[in-house]
Amino acid sequence: MKKKSARLELSKEEMQKYGYEVVDAIVEHYATQAEKMPVASGSREEMDSLFLEEAPEEGTDPSQVLHFVLEKVMTNSANMAHPKSFSFVPGPSNYISVMADALATGYNIFSGGWAASPAAAELEIVTIQWLLKIFGFPKKKGGGIFTSGGSMANLTAVVTARRIKCGDDFSKAVIYLSDQAHSSNIKSIRALGFKKEQIRIIPTDNELKFSVNKLKNCIAKDRLEGLQPFCLIATAGTTNTGTVDPLVELGKICKKEDIWYHIDGAYGGAAILSQKGKQAMKGIEKADSLTVDPHKWFFQPYEMGCLLVRNHKNLSHTFTEKPEYLRDIEGNTSEINFYDHGIQLTRRFRALKFYMSLKTFGLKEFRDAITYNIDLAEEVETMLRGSKSWEVVYPATLAVINFRYNPINKTYSEKELDSINQYISGKVMESRKAMLVTTILNGQVVLRMCLINPRTTMKDITDTFDLCKTYALEIEEQLASKV
Numbered sequence: 021m022k023k024k025s026a027r028l029e030l031s032k033e034e035m036q037k038y039g040y041e042v043v044d045a046i047v048e049h050y051a052t053q054a055e056k057m058p059v060a061s062g063s064r065e066e067m068d069s070l071f072l073e074e075a076p077e078e079g080t081d082p083s084q085v086l087h088f089v090l091e092k093v094m095t096n097s098a099n100m101a102h103p104k105s106f107s108f109v110p111g112p113s114n115y116i117s118v119m120a121d122a123l124a125t126g127y128n129i130f131s132g133g134w135a136a137s138p139a140a141a142e143l144e145i146v147t148i149q150w151l152l153k154i155f156g157f158p159k160k161k162g163g164g165i166f167t168s169g170g171s172m173a174n175l176t177a178v179v180t181a182r183r184i185k186c187g188d189d190f191s192k193a194v195i196y197l198s199d200q201a202h203s204s205n206i207k208s209i210r211a212l213g214f215k216k217e218q219i220r221i222i223p224t225d226n227e228l229k230f231s232v233n234k235l236k237n238c239i240a241k242d243r244l245e246g247l248q249p250f251c252l253i254a255t256a257g258t259t260n261t262g263t264v265d266p267l268v269e270l271g272k273i274c275k276k277e278d279i280w281y282h283i284d285g286a287y288g289g290a291a292i293l294s295q296k297g298k299q300a301m302k303g304i305e306k307a308d309s310l311t312v313d314p315h316k317w318f319f320q321p322y323e324m325g326c327l328l329v330r331n332h333k334n335l336s337h338t339f340t341e342k343p344e345y346l347r348d349i350e351g352n353t354s355e356i357n358f359y360d361h362g363i364q365l366t367r368r369f370r371a372l373k374f375y376m377s378l379k380t381f382g383l384k385e386f387r388d389a390i391t392y393n394i395d396l397a398e399e400v401e402t403m404l405r406g407s408k409s410w411e412v413v414y415p416a417t418l419a420v421i422n423f424r425y426n427p428i429n430k431t432y433s434e435k436e437l438d439s440i441n442q443y444i445s446g447k448v449m450e451s452r453k454a455m456l457v458t459t460i461l462n463g464q465v466v467l468r469m470c471l472i473n474p475r476t477t478m479k480d481i482t483d484t485f486d487l488c489k490t491y492a493l494e495i496e497e498q499l500a501s502k503v
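Take 21 as the starting number for the sequence shown in my numbering and just add one per residue.
Any given hint might turn out to be false.
Taking lysine-lysine and the DSS-like style, the derived pairs with C-alpha atoms no more than 30 Å apart in a straight line are [said to hold, decoys possible]:
1. K453 x K92
2. K302 x K207
3. K241 x K207
4. K302 x K408
5. K296 x K276
6. K241 x K160
7. K241 x K185
8. K234 x K215
9. K56 x K185
10. K384 x K408
11. K342 x K408
12. K236 x K272
13. K160 x K275
14. K296 x K241
15. K342 x K430
16. K379 x K160
17. K272 x K216
18. K161 x K342
19. K56 x K342
20. K408 x K153
21. K207 x K306
22. K447 x K159
23. K306 x K161
24. K296 x K160
25. K161 x K275
26. K296 x K272
27. K234 x K160
28. K153 x K298
29. K333 x K207
30. K276 x K160
31. K185 x K234
32. K306 x K272
33. K215 x K192
34. K216 x K275
35. K302 x K185
36. K306 x K192
Just the calculated beta-carbon pair ranges, DEER-fashion [to be verified]:
37. P82 x E434: 54 to 62 Å
38. K276 x E142: 34 to 42 Å
39. T380 x L86: 25 to 33 Å
40. R387 x D486: 53 to 61 Å
What the hints contain is simulated information worked out from the structure, not anything from laboratory work. Note that beta-carbon positions come from the ideal geometry of N, C-alpha and C, so glycine has one too.
With the sequences and hints as input, model every part of the structure.
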């Protein structure tokens, strides 16, 4: 008896029906986002009760599985594209890129090497060149690679810097970054085997920017001790406040000291498309490497990061390996194998969504959205400064605003203000009506809004402040009752 083949397939009609159901669900999600809750909640016990089971031996009708996922999984996941998702760095996304991702996954494109997918490799080259031009990098010598996100882009940058500046011996190498640098940079540095004593975390100045004077003193001291300063990581748009480090001055120091200059622009880099952002990003074009996160302010769905480099040969020099099983697919130097430019061999076709969304909307649409975001944050700052209840802790910078509840007719201690603002955030999150969490600035608990969703309106914001005020009065009553 001939054994039946296990093909893991549906019929054409079944695939069409299933596909239409998925697309309909996504379209409905986009059309009704504002009506949903941006915050997800659920304990491990609650999630276990929904999903924990043994792997099924027999299958289930695909529509039944899909409906279960839509009802139980998607509704218990944060809606980062919601107009009231203000925390961390939201992911506004866009429908064209979502469908492009579906195409890339549906066709299962291997985007590691030219021989397998020349069109995919070419689109990555083309879109990288678009970004090189946007950021003022040399178009002919420059290059880059799309990654899973900013964390992997930063890791790739530090690996490259170490290889180019230190070779195989990095025992005396020292790397510099500020106390406001993103945590992924520290994670990357430690993952590469650097010891704690090889990492210099430079305190920021009163504006929370990289202190140039403190950096110069630290480099001089390290030189005197026979160490090798090899890499500096600046930030173009910190997560906490949107602050941009003094990029021009830091670039001059790196050039003078022969230090690899990496700029982490994962959050703020895209602001260069706006007039205000372009001014803030002056000097970004001098970096040896630059991290940009398209899945943040270029409005792409997760996952998509990017590393740009001044000289593309530095990537291939760092990452190229020649195993025997790839010997038949090596092309000429113009036919780039992106597995030679980063850590991954097997890579998904990330460039497609960026390409299709830019082709569909055009750069102007992106510029307008980013400009709107920056202006909206400044409008919120103006509103707060005109209020008797709210204090601006750090001004609106690249669409990020930090503030706290601190009414002028009350004399709360710093400890009480911390408790009040923590309470406000906790209750807002508990209500699930807005995503608004705290951060710490200068030892103070503050509320933070990151306003990079082009679909967020001023009404979304004022509604959220009304909610915050309700909880502020609630905690004030509790404090008064204890007196």
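These are the hints, each one checked on the structure:
1. With a CA separation close to 19 Å, the supplied pair K453 and K92 stays within the 30 Å bound.
2. Annotation: proposed proximity of K302 to K207 holds, straight-line Cα distance about 28 Å (limit 30 Å).
3. Proximity of K241 to K207 is assessed by CA-CA distance (about 25 Å); at most 30 Å being required, the pair is judged to hold.
4. Our distance criterion of 30 Å between C-alpha atoms is broken by K302 and K408, whose separation comes to about 36 Å.
5. For a cut-off of 30 Å, the pair hint linking K296 to K276 stands: about 29 Å separates their Cα positions.
6. For the suggested pair K241 and K160, the alpha carbons sit about 38 Å apart, so the restraint of at most 30 Å is broken.
7. Using a Cα cut-off of 30 Å, the hinted pair K241 and K185 holds, with the two alpha carbons roughly 19 Å apart.
8. For the hint linking K234 to K215, the alpha-carbon distance of about 21 Å falls within 30 Å, and the restraint holds.
9. For the suggested pair K56 and K185, the alpha carbons sit about 50 Å apart, so the restraint of at most 30 Å is broken.
10. For the suggested pair K384 and K408, the alpha carbons sit about 38 Å apart, so the restraint of at most 30 Å is broken.
11. A C-alpha spacing of about 66 Å is found between K342 and K408, which places the hinted pair above 30 Å, so the restraint is violated.
12. The straight-line distance between the Cα atoms of K236 and K272 is roughly 11 Å, inside the 30 Å bound, and the hint therefore holds.
13. Between the alpha carbons of K160 and K275 the distance comes to roughly 21 Å, so the proposed pair stays at or under 30 Å and holds.
14. In summary, the hint linking K296 to K241 is not supported, as the alpha carbons are separated by about 37 Å, beyond the 30 Å threshold.
15. Under the criterion of a C-alpha separation no larger than 30 Å, the hint pairing K342 with K430 is inconsistent with the structure, at around 69 Å.
16. With a CA separation close to 22 Å, the supplied pair K379 and K160 stays within the 30 Å bound.
17. This hinted pair checks out: K272 and K216 have alpha carbons roughly 26 Å apart, not beyond 30 Å.
18. For the suggested pair K161 and K342, the alpha carbons sit about 23 Å apart, so the restraint of at most 30 Å is met.
19. For the given pair, K56 sits about 51 Å from K342 by alpha-carbon distance, which is inconsistent with the 30 Å threshold.
20. As the CA atoms of K408 and K153 are separated by approximately 46 Å, the hinted pair breaks the 30 Å bound.
21. Of the supplied pair hints, the one linking K207 and K306 holds, its CA atoms being roughly 25 Å apart against a limit of 30 Å.
22. Only pairs whose Cα atoms come within 30 Å are accepted, and K447 paired with K159 is rejected, the gap being roughly 50 Å.
23. Distance hint between K306 and K161 is fulfilled; the C-alpha atoms sit about 14 Å from each other, no more than 30 Å.
24. The straight-line distance between the Cα atoms of K296 and K160 is roughly 28 Å, inside the 30 Å bound, and the hint therefore holds.
25. Straight-line distance between C-alpha atoms of K161 and K275 comes to about 18 Å, which keeps the hinted pair within the 30 Å bound.
26. For the suggested pair K296 and K272, the alpha carbons sit about 23 Å apart, so the restraint of at most 30 Å is met.
27. The straight-line distance between the Cα atoms of K234 and K160 is roughly 36 Å, outside the 30 Å bound, and the hint therefore fails.
28. Between K153 and K298, the direct Cα distance comes to roughly 13 Å. Compliance with the 30 Å bound is thereby established for this hinted pair.
29. Straight-line distance between C-alpha atoms of K333 and K207 comes to about 25 Å, which keeps the hinted pair within the 30 Å bound.
30. Between K276 and K160, the direct Cα distance comes to roughly 25 Å. Compliance with the 30 Å bound is thereby established for this hinted pair.
31. With a C-alpha separation of about 23 Å, the suggested pair K185 and K234 falls inside the 30 Å cut-off, and the hint holds.
32. Of the pairs offered as hints, the one joining K306 and K272 holds, with about 9 Å between alpha carbons and a cut-off of 30 Å not exceeded.
33. Restraint check for K215 and K192: the C-alpha separation of about 10 Å stays at or below 30 Å, so the hint holds.
34. Between the alpha carbons of K216 and K275 the distance comes to roughly 25 Å, so the proposed pair stays at or under 30 Å and holds.
35. Of the pairs offered as hints, the one joining K302 and K185 holds, with about 25 Å between alpha carbons and a cut-off of 30 Å not exceeded.
36. Proposed proximity of K306 and K192 is supported: the alpha carbons are some 26 Å apart, at most 30 Å.
37. Against the hinted window of 54 to 62 Å, the Cβ-Cβ separation of P82 and E434 comes to about 57 Å, which satisfies the hint.
38. Separated by about 39 Å at the C-beta atoms, K276 and E142 satisfy the suggested range of 34 to 42 Å.
39. The supplied range of 25 to 33 Å is met by T380 and L86, whose beta-carbon atoms lie about 27 Å from each other.
40. Distance hint check for R387 and D486: the Cβ-Cβ separation is about 32 Å, which falls outside the suggested range of 53 to 61 Å.
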